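Undergrad: Protein sequences, first through last, are from chains A and P.
By the working numbering, the letter at position 311 of the first sequence is numbered 311, and the numbering carries on one by one without gaps.
By the working numbering, the letter at position 368 of the second sequence is numbered 913, and the numbering carries on one by one without gaps.
Calculated from the structure, these hints are not laboratory results.
One thing to keep in mind: the hints can contain errors.
Claimed, not checked - Pairs of lysine-lysine, PhoX-like flavour, derived with a Cα cap of 20 Å:
| # | chain 1 | residue 1 | chain 2 | residue 2 |
| --- | --- | --- | --- | --- |
| 1 | A | 205 | P | 578 |
| 2 | A | 29 | P | 578 |
| 3 | P | 999 | A | 511 |
Just so it is clear, the structure is predicted and the values come from calculations on it, not from any experiment.
Below, each chain spelled out in residue letters.
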Amino acid sequence: MSEKFEPTIIAFTCTWCGYPSASLAGVNKIQYPPNIRIVRVMCTGSVEPGVIMDAFEHGADGVIVIGCLMDNCHYVSGNKKAQERVDALKKLFDIMGLDSKRLRTEWINASERAKFAKTVSEFVEEVRKLGPLGLEKKKVKKQKTQEQVKKAVKQLIEDTGAFDCVECGKCTTVCPIAKYDTTFAPRTLVLKAMEGIVDNIATDKHIWTCSTCEQCNSMCPYKVDYTGFIRGMREEAAEFGAEPSCSQGGLIHSIQRIMANSDLKQKRLEWVKKDLKISDKGDVFYFVGCLPHYDAIFYDREGLKMNEIAESAVRIMNKAGVVPVVSSSEKCCGHDLNWTGDEDNFEKLMEHNVELVKKSGAKKVVFTCPECYRTFNNDYQALMGDLPFEMVHISDYINGLIESGSLQIDATSAKPYSFTYHDSCRLGRHSGVYDSPRTLAKGFAGAKFIEMENTRDKALCCGVSAWANCNANAKRMQIERVMEAKKVGADRMLMFCPKCQIHMKCAISEKMPVDQSAVDVKLEDFTVAMARLLKLLPEETSASK
Amino acid sequence: MIITRVLEEEGLNKYLVEQVNIREQCAWVHADKAEATKKAKSLVKGALARAEKLIPLEDIDIPITGKALVIGGGVTGMQAALDIAGQGFKVYLVERTAELGGRAYKLSMTFPTHNCGICCMQYCKECVFTPKIEDVLQNKNIELLLESEIQDITGGFGKRHVVVKTSKGPVDLDVGTIIVATGSKLFDPNRISELRYSNPDVVTTVEFEQLIVEQRERGGGLKRPSDGKTPKTINFIQCVGSRDKTKGNLHCSLVCCTYAIGQAREIKRMNPDANVYIHYIDLRGPYRGFEEFYQAAKEEGINFVRGRISEIVEDKGKVFVRALDTDADVLLNIESDLVVLAVGQEPSEGSDALAKMLHIQTDIDKFMKDINPMFPSEFRRGVYIAGTAQGPKGIRYSIEDAKAAAASAIELMKKGSIKFPRIVAFVDEERCRGCGRCEKACEYGAITVTKDEKRGVLVSRIDEIVCEGCGQCAVACCNKAITVNGYRPEQVEAMVRAITEDIQGVSSDE
């Protein structure tokens, strides 16, 4: 590129100060570079992180948020909140390998026309120096015709065995969503598709309502793959421009798409403490997943420390003498994109990750996250055939270490507590890992393991997957699950899936239709609990739930 | 807006409008015509994309309670109260001190009549105005609450619930409109140590006023505070606390020049032999009659010295004013019998708290801000700012403010209800999980999480009248169930995407 790089910068300006200051700069004919494109919002406090990320994803090289002076927000505190969010987003940028200088705020009074011009001029110069963002332009959809979609749906019905449906209704009876949302039924969805109704595929919200927990699959006497069907339907719906109504405003999916379409130098390993032993090459690859991102995204949620999961896993491995490969070049496994119909980007991530593991020379990949595990084990292998390495979930892996004598569970829980185990759908029903966690649980000396009423393949769902709609029904499921734990007298509920933890912790920390005492259970990650038991991680002092 | 009116006349929904500002954002700020055009095109594209996603809406019908609250019993507050009461509406007039009249009550040489403050009873032999205080006291529609302060204000447009702290305990009021006339306070010259305000013969303009009043009552000429001698040389120091970024305020207090000249002329009237100096940076009096006023002062022998004085020095019981006459470039050291500091104005005590209660934005100097600086009392959800609460200004201009605010309030209350744009938050109850984050984020108390008995779940409900449409709840929402009409994420996103459409990616598929 011989031509001088001209960045495009989106300026989100508030109605009361940011925008008027630009207008005044105009009236006074104060010159500034034309790279700035103003998008007016009511208040900077209403700028969604998801919308900012979306701007970058679609080609913005920089984003500046301009609002009223601090302590002088037209809406009292909007600018303070905006600053907080931008700061958090900058941390996320660091992890993703995006230069956080590309995102900034400025607080300008409506009358400060010169300050507006000066600020944006400086920002344009700064971003110009940083150069292009280096994102591949988002691909235009394949633009399938109605006929092609019809054909694809027909194929999908065949592939998922939906033709075998005998309309017994068992799936709907066990469906946790249908329990609360009477308009939703897995059976009806399949029926509708079989009748050839694909006209409203883009607007049919029920395609996105399903939590893909696979309760229906495990109950179906004819083994119809409902969740597979839903996944496929989403892919077709996405072709027609449907987007999942994401509970995080699209932020997480944006991050994953940016990962798929860039070669940014990520900084995923900030959680690795000095005394942890990790390696670039070796036999065992520990696939961390999105844990570091979650800590940055959910910065304002109390008691969420996702990085502790990764730390615990490495500490346990280190104790058994294993030095795992942990890579900063790892990308998202693509689970969320795969389950929201973005096949193209999912495949890009898949190819990258498989190549990364191959390069490390690892023969075994260990997962703490059930979603990553399922995605590698089921989805990658379905698309790429058998992978040249073994995939193991951490529960199986630790059991193996104990059996081989590399790891001794000789520790006793300092505080005798009773606990239960929540089968996450991706690990249980999707992958069939039920026994290993229980074998481990029984080895928790000094602590009492209790099963809940609904366990194993009947385990209740955490309410939402792939960050799709997390509404009141999802919340009911979340609360119901924690109440089950309380009912059997458990002090703690352990689980492997970080998302189950995020969802359930969220539900019981907010306003609830039930009494707080009914959900007074500490939710903890299983791997973290193990590390604490082995005295590899200190026990939390105040019970943060 | 003309466009919305045209749309309505043609039977189209007026919310389906999007505006692009290519004059201020392109033509006037980018000299490169080709680049400016390119940018204009992309902005138009963005607006089109957003327009496509706009949704037709209906206005909200808001009933307006026919009672008004006026905060502050100074000249502004009294005028507003009288105007509103005159139209038959009940007015509650809340005043912090024990008497009406505010600062203007104490002034006797106001511009341009060189006469008393319009509401004062003293020095009033030739007063042409009817004393306002009597009018207020006698008006049956005005309920006066003296020695009272605003404790809390809740509710929204058209119906606000006000709790007033009075000497007899709290009083609850329900009002439809509020006029904020809390005035200003004087700058404390102690903040500028080189002015030696601690010296008894260094006084502020308002204190000087008292000396004059005393002499009028007692006779026998003006007496200075330290020893009761008649001052012969008097220096006026302008811009005390004003136009001073380091020790005072950046703003010009606007009235001090005229006021000081008035006082200087009064001295000359009493004692034509007195030496009167006015030290100024710029003389500012952009009012009708000021030039004549100023010329008269010069003819009367008042010395105008351009330059900011460096300091006031106390030496052997005498006071010296050190200054540079910047016109003549001569250093001056004037022995002065009395120094008068023309102090500037600052927002009154507690005005910040009141601004917060009413969600009024304040300026850099903490004066309350009008929504549109060009239009006083421009429509603002039934809350109007008048007088010096909005910034320093003369009595005449405060009265104008009061009348404008009263007229707006009266218009609103006469109608009894108003159509208001539905640019407010909206809850998709199917998506809402009743978490309460929005409730916490809302600064206006417009959101409550209540139980939906039918579904047995918690759900967030919005009081559209209280909601100001800022959208802080929308970002706080953990399931994106709340959006602000007209600013839905998909509308903003569509705009951004269209604007960035032409950008070359690193490797494009096209």
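Undergrad: Does residue 29 of chain A pair with residue 578 of chain P here, judged by a C-alpha cut-off of 20 Å?
TA: Measuring from Cα to Cα gives roughly 14 Å; hence the hint holds.
Undergrad: Between the alpha carbons of residue 205 of chain A and residue 578 of chain P, is the straight-line distance 20 Å or under?
TA: violated, 47 Å
Undergrad: Quick one, are residue 999 of chain P and residue 511 of chain A close enough, alpha carbons at most 20 Å?
TA: Within the cut-off at roughly 18 Å; holds.
Checked against the numbered hints given earlier, the structure breaks only hint 1 and satisfies all the rest.
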